[in-house]
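If you use the working numbering, the sequence shown corresponds to residues 1 to 71, in order.
Don't read these hints as lab results, they were simulated from the structure.
Be aware that one or more of the hints could be misleading.
[Claimed, not checked] Quick list of the computed label-pair ranges, beta carbon to beta carbon:
(1) GLY16 to ASP64: 30 to 36 Å
(2) ALA67 to ARG18: 29 to 35 Å
(3) LEU14 to ALA67: 15 to 21 Å
(4) ARG35 to ALA67: 28 to 34 Å
Every residue gets a Cβ at the ideal spot worked out from N, C-alpha and C, and that includes glycine.
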Amino acid sequence: WKRYRGGAMGRLWLHGERLLPDIDGHLASPMFVGRRIAFLSDHEGVGNLYSSRTDGTDLRRHTDHDAFYAR
Numbered sequence: 001w002k003r004y005r006g007g008a009m010g011r012l013w014l015h016g017e018r019l020l021p022d023i024d025g026h027l028a029s030p031m032f033v034g035r036r037i038a039f040l041s042d043h044e045g046v047g048n049l050y051s052s053r054t055d056g057t058d059l060r061r062h063t064d065h066d067a068f069y070a071r
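Kindly generate the complete structure, drawing on both the sequences and the hints.
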């Protein structure tokens, strides 16, 4: 999925509402961690681990890979 921007690009949905619609990147492997949703995304160029609140606010990056993608 590296740098993929096509129609099958991963997105996050919760209770019928799309989270983070302005993120232009592939979102993958979402999971609940406490009151947040953690996921992988390459919207900044390289796949890193991110999280947001369940309402899509407070986006945070948790890793800082620049040479390889987080898995």
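Task: Hints that the structure is at odds with (numbers, increasing) - done: Result: hint 3 breaks, nothing else.
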